[in-house]
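Residue numbers (this note's numbering), protein chains in the order written: chain Y, 1 to 355; chain X, 1 to 435.
For the record, the hints were derived by calculation from the structure and aren't laboratory data. There could be a bad hint or two in this list.
[What the hints assert, rightly or not] Partial pick of chain Y residues on the chain X-facing surface, computed with a CB cut under 10 Å:
1) R37
2) P39
3) T76
4) E77
5) D109
6) E114
7) A116
8) R117
9) S122
10) F126
11) T127
12) G220
13) L272
14) A279
15) V342
[Stated by the list, open to error] As a list, the in silico DSSO-like pairs of lysine-lysine whose alpha-carbon atoms are at most 27 Å apart:
16) X:K55 - Y:K283
17) X:K414 - Y:K282
18) Y:K228 - X:K414
19) X:K55 - Y:K67
Heads up, the beta-carbon is just placed ideally off N, CA and C, and yes, glycines get one too.
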Amino acid sequence: MSDMIEAPGSDAADGGETSRMNMIQAINSAMDIMMTRDPDVIVMGEDVGYFGGVFRATAGLQAKHGKTRVFDTPITECGIIGVAVGMGAYGLRPVPEIQFADYIYPALDQLVSEAARLRYRSAGEFTSPITVRSPFGGGIFGGQTHSQSPEGLFTHMSGIKTVIPSTPYDAKGLLIAAIEDNDPTLFFEPKRIYNGPFDGYWDRPSQNWSKHPAGEVPTGYYKIELGKAKIVRAGEALTILAYGTMVHVCAAVIAETGIDAEIVDLRTLVPLDIETIEASVKKTGRCMIVHEATRTSGFGAELSALVQERCFYHLEAPIERVTGFDTPYPHSLEWAYFPGPVRITEALKKIMKDA
Amino acid sequence: MASEHPRADSQPLRNLPGLTLHVPEPKFRPGDPVDFAEVDVPPAGQARRPDTADKASDFTDLAYTLVRVLDDEGNAVGPWDPKLSPDMLRRMLRSMALLRAFDERMFRAQRQGKTSFYMKALGEEAVAVAAAYALDYEDMCFPSYRQQGLLIARGWSLVDMMNQIYSNTADRLGGKQLPIMYSVKEAGFFSISGNLTTQYPQAVGWAMASAAKGDTRIAATWCGEGSTAEGDFHSACTFAAVYRAPVIFNVVNNQWAISSFSGFAGAEATTFAARAVGYGIAGLRVDGNDALAVYAATQWAAERARTNQGPTLIEHFTYRAEGHSTSDDPGQYRSEGEPNAWPLGDPIKRLKDHLIAIGEWDDERHAAQDKELAEQVKAAQKEAEKNGILGHGLHQPLESLFDGVFEELPWHLKEQRQQMLDEETASGRPWDRKA
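Extracted from the complex, chain Y is given alone in its bound form (with noise of 0.2 Å):
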């Protein structure tokens, strides 16, 4: 992992002083943060109240910051984001937990028909400054329904943001940030690193966030642009273009094949940084995406499509996709369907072979 080339406050206001979190606590600091700095930021959701959620990301919020402001929900997901709009409406900042990516379809047409509309539609009378924080991808033995990575649905629908962390240092940043945005945006977590980075061998010791240096996190309040991608690995050999678990994989699996590869952690989808992307590519002719969700109109394709049309001329050999397969999330088989290291360098060989 010393690939990561990750300086905390490198790309963000000055946060004060640091101290080793994981990511989970790093999303706790930045929700008790912004209830502290905001009256009108307010946390809802299954079981995040007094147990603090099922991840542990709400532990001791509703013990600081009162019952009205931070409370568990029935378990409706469709009522929780419809209830979080009406409260954005009223002119509060909510962030509401879908317990898991895989629950949130109940809640699909409140997030795309209201949330996501509501400016437009009412020609900004009425906004919805939501952030929705969610749980997903694999990687856990989770099964078919704690496992999916469902961002290319809403990255598809016009007027919502999506933002994907990949460090304690980056969640806490960009959480800050998208509670503070005026539009609704999801912000999925990317459960496998809640606790340290993963190199994509799911059989050997698993790591920790506490030697990784975006494990240190500033104490205090500080964001970190949403659109910005970053580039963690530079190179030039090729570009590869990843987010959430799977930029760790990625890391790894340069680390030992030792190709001078361009790691991109996209960081945001919505609004996505085309420059950096673009950029990245031209200078090194070569384009490989990587994410853990289903392949067939993934926001891979999107990716794929957008090199494509911008930088034709400067690849050199086919942009490689490597995804999740189209099938529901296994569970025993989960690490012949996770896009882990063999994949990975299969991919690699095919986009490198004339190079």
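We have chain Y; now place chain X onto it with these hints.
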């Protein structure tokens, strides 16, 4: 060889006839004579009026009857009589008549090709108008598409409403929404969605926010009986019950959801007010064509909400006398005799008869008022049409198509906006900019 599974060799489980599937069917279809004798209409004044502090479980009977104030002779009777001043009664009557005149004119404007779409509230004018008078002006309304009476009763500009219907240069929504999908924050009127019942949980969220902030304002929301089947309705009821949200749920049971009668939302089995019972929230079933009953029920529910007694669900039993919208012909799916046979009558006539019965109104004044209101609407229409009608030229800056997707325009929308402007140039047929 016998199977080891005990059922494998046996005969069908029971010696019963096969199952049958029940598919509801309305009583009357086109051409059928109409007789609403089976519609149970209890006498006015009979329903009891609980104290607003009573527990919802103590008056569940009110979900299965009809709260009625105006009797057949035009008298206001019983404990729900809100005892309004003649002046207030006349204001309500005027708003209902203005709504009808407005609907009539705008329906015709659609038929004349001046806009794409319209929806009337004919026969159910009391539902929105009386509620608007019973609520405070600052209370927040989350309407469905047939509560334009709220805006009219709150005195909102007819010209402004028409500008929206025409999507013209003065349309406050910049031509972005289907006609009648108003949004008027200033008048406490939330942006209407075309997707049904999404406003229900939103109203609960607004009400919860008001309560959490120690505000005194409450929320009210409306949906049709058909869309009580949506999951949003049930999510909203659960949330409102759990947090005792200061919200009023109105179910406008006008018998028809486009061409589907109320049986497809469960009306054959129970009332819509009875939905409240299962959630433990207050439920009232009200004669929706009785402006005084609607006023009284809304006022009662508002008092409960304002005193932290939580939500109330009010079923307004009424009848949709017109088609669903300008896009359907009710003659294709229901008997034409229904609107006139509806046993609860015309809400405007009933309030008018009451005012006459108490000596505060007469036919001449009513006729004069109708004429005056028709003139008022006509003048408003003339004014609105100065700002253009749909399809006649470009009423908004072309590039405004991209405004409001996000607070700030990201690069991909900027690119697409430029593409659109380039298309105009390339077409050789520039838009007619009348604005």
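Self-check item: Restraint satisfaction for Y:E77 [CB to CB of chain X, less than 10 Å]
Solution: 9 Å, holds
Quiz item: Under the criterion of a CB-CB separation shorter than 10 Å, is Y:L272 in contact with chain X as hinted?
Solution: 7 Å, holds
Practice problem: Closer than 10 Å between Cβ atoms is the bar; does Y:V342 clear it against chain X? Give me holds or violated. | Solution: 34 Å, violated
Exercise. Please verify that hint: Y:E114, Cβ, nearest Cβ of chain X, below 10 Å or not.
Key: Status holds, d = 5 Å.
Practice problem: Let me know if the C-beta of Y:A279 comes in closer than 10 Å to any C-beta of chain X, holds or violated. | Solution: Interface hint status for Y:A279: violated (14 Å vs cutoff 10 Å).
Self-check item: Straight-line alpha-carbon gap X:K55 to Y:K67, limit 27 Å
Solution: 25 Å, holds
Quiz prompt | Straight-line alpha-carbon gap X:K414 to Y:K282, limit 27 Å | solution = 22 Å, holds
Quiz item: Are the Cα positions of Y:K228 and X:K414 separated by 27 Å at most?
Solution: Status holds; Cα separation ~17 Å.
Quiz item: Holds or violated: is the Cβ of Y:D109 closer than 10 Å to a Cβ in chain X?
Solution: Because about 6 Å separates Y:D109 from the closest Cβ in chain X, which is inside the 10 Å limit, the hint holds.
Practice problem: Mind checking the CB of Y:R117 against every CB in chain X and telling me if the closest is under 10 Å? | Solution: Interface hint status for Y:R117: holds (8 Å vs cutoff 10 Å).
Exercise. Have a go at the Y:R37 hint: is there a Cβ in chain X nearer than 10 Å to its own Cβ?
Key: Not OK, violated: Y:R37 not within 10 Å of chain X, min 17 Å.
Quiz prompt | Closest C-beta approach of Y:G220 to chain X relative to 10 Å, hint status | solution = Given a least distance of 26 Å, the restraint on Y:G220 is violated.
Of the hints listed earlier, those the structure fails to meet are numbers 1, 12, 14, 15, 16, in rising order.
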